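Chains as they are written, first to last, in this note's numbering: chain S, 1 to 360; chain V, 1 to 348.
Honestly, the hints are just simulated from the structure, not real lab data.
Pairs of lysine-lysine residues, derived as DSS-like cross-links and limited to a Cα-Cα distance of at most 30 Å, are as follows:
| hint | chain 1 | residue 1 | chain 2 | residue 2 |
| --- | --- | --- | --- | --- |
| 1 | S | LYS321 | V | LYS102 |
| 2 | S | LYS121 | V | LYS258 |
| 3 | V | LYS49 | S | LYS264 |
| 4 | S | LYS354 | V | LYS49 |
| 5 | V | LYS86 | S | LYS262 |
| 6 | S | LYS89 | V | LYS261 |
| 7 | S | LYS60 | V | LYS310 |
| 8 | S | LYS262 | V | LYS102 |
| 9 | V | LYS102 | S | LYS292 |
| 10 | V | LYS254 | S | LYS111 |
| 11 | S | LYS111 | V | LYS258 |
| 12 | V | LYS254 | S | LYS89 |
| 13 | V | LYS261 | S | LYS41 |
Which bits of chain S does chain V cover? Going by a derived footprint, with three or more residues having C-beta under 8 Å, they are:
| hint | stretch |
| --- | --- |
| 14 | 67–77 |
| 15 | 80–90 |
| 16 | 93–104 |
| 17 | 263–272 |
| 18 | 311–320 |
Ranges of calculated distance between the beta carbons of each label pair, as one might list FRET restraints:
| hint | chain 1 | residue 1 | chain 2 | residue 2 | range |
| --- | --- | --- | --- | --- | --- |
| 19 | S | GLY95 | V | LYS86 | 36 to 46 Å |
| 20 | S | PRO106 | V | ILE201 | 50 to 60 Å |
| 21 | V | GLY107 | S | GLU195 | 52 to 62 Å |
| 22 | S | ALA346 | V | ASP339 | 47 to 57 Å |
| 23 | V | GLU109 | S | VAL359 | 38 to 48 Å |
| 24 | V | ILE201 | S | ALA336 | 45 to 55 Å |
| 25 | S | ARG30 | V | TYR225 | 40 to 50 Å |
| 26 | V | VAL202 | S | ALA336 | 48 to 58 Å |
| 27 | V | ASP229 | S | PRO106 | 46 to 56 Å |
| 28 | V | GLU41 | S | SER199 | 51 to 61 Å |
| 29 | V | GLY107 | S | ASP67 | 49 to 59 Å |
| 30 | S | ALA130 | V | ARG149 | 48 to 58 Å |
| 31 | S | ASP109 | V | ASP118 | 19 to 29 Å |
| 32 | V | ASP229 | S | ASP109 | 35 to 45 Å |
Just so it is clear, the structure is predicted and the values come from calculations on it, not from any experiment.
Just so you know, even glycine gets a beta-carbon here, dropped at the ideal spot from N, CA and C.
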Amino acid sequence: MRLSFPYMGPTIVYKKLLELLGHDVVMPPRPNKEIIDLGVKYSPEFACFPFKVITGIYLKLMEKGVDTLITSGGHGPCRAGYYGEVHKKILQDLGYDVEIIVIDSPHDDYKYFYEVVKRLKGNSSWLQVARVIKTVYQLTKALDQIEKKIEILRAYNDQGTINKLWIKAQEEFHQIQTTAEIKEIKNKYLNKLAEFEDSIPAADERYRIGIIGEIYVVLEQSINNQIEEKVNRFGFEVERSQYLTDWIRENIFPFTGKDLEKIKEKGEEFIEVGIGGHAQSNMGHAIDFKEKGFNGIIHLKPFGCLPELVSQSVADDLSEKYEIPVLSITIDEQTADANVLTRVEAFLDMIKEKDYREVL
Amino acid sequence: MRKRKIGIPRALLYYYYFPFWLRLFDELNLESVISDNTSRELLDKGVKKSLSEICVPIKVMIGHVLNLDQKNVDYIFLPRFHSIRKDVVFCPKIIGLPDMVKHSLPGLEAEIIADQIDSKSDDIAQFANHQQLAETFSIPKKEMKKALREASSFWQRYRNLLYQGYLINDFSRLDDLEGLEKLISKFENEKQLPQSQRKDIVTPENEEVVDIAVIGYVYNFSDQYLNMDILNKLKEMGVRVHTFSMVAVEIIEKELAKPRKPMFWEFTNKLYGAAEHYFKNDQIDGVIHLTAFGCGPDSILGQILDVDAKEYDKAFMTLRIDEQTGESHIITRIEAFIDLLRLKKENK
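Chain S on its own, in the form it takes in the complex (with noise of 0.2 Å):
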């Protein structure tokens, strides 16, 4: 069994998760625009976008000789919960012979749940696989809690230094074993980091944007056009609504995300029940980043994503009952970096300016 997964947020996570279980994993390509266009060939012209960049990695994964995939499942109404049997029949009708595991919730079919997760198991005892999961949980947290340092200290700093700082940082993480050394790689990492805090201006000189809308987009840097980094250039920080260990926590942990039960409560002013994907719980956000005190709110969304245009629909409201600037980016193949380049500066313009007559 050679496995191999969907690239997306930090792949190191799944890779090692798989390879510490024993698996012989393949790491999936980043996404660029030889695997966008190939996804776009083989997918429906309208699915949504992130189900071509995942077609495009899994056609790319077949050259390597992979034959199983992972990926999670999902009931609904959301169209990420059907992902993996559209792609099952892409590729057969494409005449790969390749399996498709998905991971779904053991409520829907609970035979197949269990034949999953004891193929994933391996020959691994069930403690061992606590350790495993355990570890990963810990390396999740600890890239996370680096990430967050780094969008806030790259709008004060040199992209190039800070940017080696996170690449450097992640490259050590793969090569972990156990617990200990997480931590030690992850306090080696943020003294480093430490000494760039004194570039932080004072408490209202500061400008920060929060990053809200569909978990892909948000979290794949690489099809989003880098729009953390094009908001952090404009000496605004940064901060998403999503992080992969909030993803964990809600899938894996349920019980530990009473904080996001809240922000998810917090929502339902505008979206009152749940309606697929994670729309209600970005409007909670955007209403969460406010009473932060955050400046402005940056939503993505892929193109016809079916929850988030809802929220959209919403959002306008939103942004004038709690007076918070909103702005709505639709990601898909066509999105071309000076658009969304000149889109973000118009709007970080507009706050400052905003913020400045204020002060008048």
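Given chain S, work out where chain V should sit, using these hints.
Using the frame of chain S, we list chain V on its own:
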């Protein structure tokens, strides 16, 4: 006291449930006002007030809501369809529709009644699904339940006729209860079969009659403006038209039990089941997937049908409609499709 007016937008699931609602409001002694048929003007208004990349059916719906508001209704009836089958839901945009209307149309004067619909079957007549309605008009529970029962049995009669092979369009131009009642009774006692079942169909130039299954949502194949009246055009060209609403529940259930994981959208599943049934049916010559621009569930369904049609060797075509579809292109495409089916039949 003046009767309070409650508006029903003629969009989305209106086509599936309108006899139910008309009867319900009549029983409750409310004056129901239905929005006008979709027109250029109505659609343009909807387009203007919605996001450009949202699907056409939602734009149509927004147009109808605005149309009702102009008619000075006191309330707009916009139930939040959440689920009418265990573990199966509606498209996010349909679930979130009341939120979109409330927060993106600030000038709306009418009050929105948005009861959440959670039912175990297509029959939505449970009291829990109409609590807000009952509260708004202070209707006692007992009275409400009685009205719901009446409405439900009236709707069942309509639904049965659809199963027998009538098209929604055979009814949907009527919007007064009296006329609808007469029509339903007339069809129930009719000796002649509905068009989809009739053997003795004459085509303009005595060409062979073909059977086409139009796979699409009620709001796409029944909105005669939006779809350029495609069903009547097909009929005029000598086609017996079949739709998912004619396929028995048991058949759809049987088809849905086959895949390891069926989809999780209510009407998408119904379309899938019906399409698989028609693919296997030798009487059906071709299948048209009628979809609207920007439909999310259809992007998934379309891909599956595309692959499956190849497997069953059935002629298959996708027609996508949007707010600016030109009529001539639809005609050209269905003409070509029918010609192909006839040619295929002759060569057999």
